[in-house]
Amino acid sequence: MKRKTHLIFLIVSCILFAKSSAEENNELETVKTLAQSLAKIVSKYRNEFETDGNLDELKDVISTIDTSMLEYQGLARNQLDSLRTSYSAAHLTYQATVDPVFQWCVSINSTLNLFITQIGNEGLSQSDRNSIWKILVQGVLISGIDTADNSLKQLNHLQNKTKALNRILVQMLKSIDDDFRPNGYYEKRRQEIMDRYTTPKPGHTAAQALDVILRFFKAIVAFLKAPHRGVEPFVEEFNRNGLNDVMDQRHNPTYQEEVAAIKLFFTVLGNQIKKAESISDKVSNEFEVDKSNLEHLSGINKENIFKWLESNPELRAQLIPSFQELGRVCEGYQIIRSNFYDAGARRRRL
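Just so we're aligned: the sequence shown equals residues -22 to -1, 1 to 328 in mature numbering (1 follows the signal peptide of the UniProt record, and there is no 0).
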């Protein structure tokens, strides 16, 4: 009976030990994952820095739309102000999303550099080591969770802004289509010219429309000759459709050539708006991935982290590589942003 009791006690002890070990491993993995997740977020923002999270690509297309519609008279012009405002709001919100993470990186670099090197110092007492780990947890991990939570809130705003931008682009595309339908602004003007093209009277609506078409055609020629990045897709399409001679003004264009050029211009512009819509969609989807990562961090119980580290000093050394990697990523982010702004300052001085 005594032997049986000892056996039962041994089995229970093994089960409890196994359970305790499993819990310790779970906690260890949680803290490791936390440090690694923070490093991944920093790394993503660092990699996206020069493109502003792909918003720069969207900016180029919107700039093209904006520049190319300076002389536009139809319904689609009504969305231009909203488009500019919506893009600016999205860009500012993106900065509000990533800047706190960058500032956190700057603030933890000195903490990591100072304390990681001291953890293995044999001259430190257990109390000193506990203090160092407490500083690392409070100053790096817990502040990282708080920063991630703040970034998540801004990210939610950012997604709403990119979706609003997308809606404006969709509406603009519809308006351009409407402007060239039978009852649309430009189709009406075109029809008036076709009806009275042979003998337009001075001051007549058709003559005015003819003047509008000519001015618009000249504006398109000026746009195609302007040295800006957004012009390439327009030039390529005009060359492909045999209108390069007209746009190069090698001969005086006929009315039909002017109208063909204007229609082709808006076909390309429509494609640019579709492209902007697609980019806006892609940006929003990519932010959804960031959002799930940040939500995971925000759900971690901050109170349990230090308690576990304090009660398991023998496992703490396994976390050092994760802290070191976080430090390397943060330092890289700091360097790339500093170099970018230093270069910008030098360009402004020249």
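No lab work stands behind these hints, which were simulated from the structure alone.
Owing to the predicted nature of the structure, the values given are computational and were not obtained by experimental measurement.
Where is the CB? At the ideal position from N, CA and C, for every residue including glycine.
A portion of the hints provided could be inaccurate.
[Unchecked claim] Pair ranges (Cβ atoms, derived):
1) Ser88 <-> Thr11: 22 to 30 Å
2) Asn279 <-> Arg159: 55 to 63 Å
3) Thr11 <-> Ala142: 30 to 38 Å
4) Glu273 <-> Lys10: 16 to 24 Å
5) Asn25 <-> Arg159: 41 to 49 Å
6) Lys112 <-> Glu264: 19 to 27 Å
7) Gln81 <-> Asn290: 30 to 38 Å
Here's how the hints hold up against the structure:
As the Cβ distance of Ser88 to Thr11 is approximately 25 Å, the hint placing it in 22 to 30 Å holds. Taken as a hint, the range 55 to 63 Å holds for the pair Asn279 and Arg159, whose Cβ atoms sit roughly 59 Å apart. For Thr11 paired with Ala142, a C-beta distance near 34 Å keeps the hint of 30 to 38 Å intact. As the Cβ distance of Glu273 to Lys10 is approximately 19 Å, the hint placing it in 16 to 24 Å holds.
Against the hinted window of 41 to 49 Å, the Cβ-Cβ separation of Asn25 and Arg159 comes to about 44 Å, which satisfies the hint. A C-beta distance of roughly 36 Å is found between Lys112 and Glu264, which places it outside the suggested range of 19 to 27 Å. Distance hint check for Gln81 and Asn290: the Cβ-Cβ separation is about 31 Å, which falls inside the suggested range of 30 to 38 Å.
Hint violations for this structure: number 6 only, all remaining hints satisfied.
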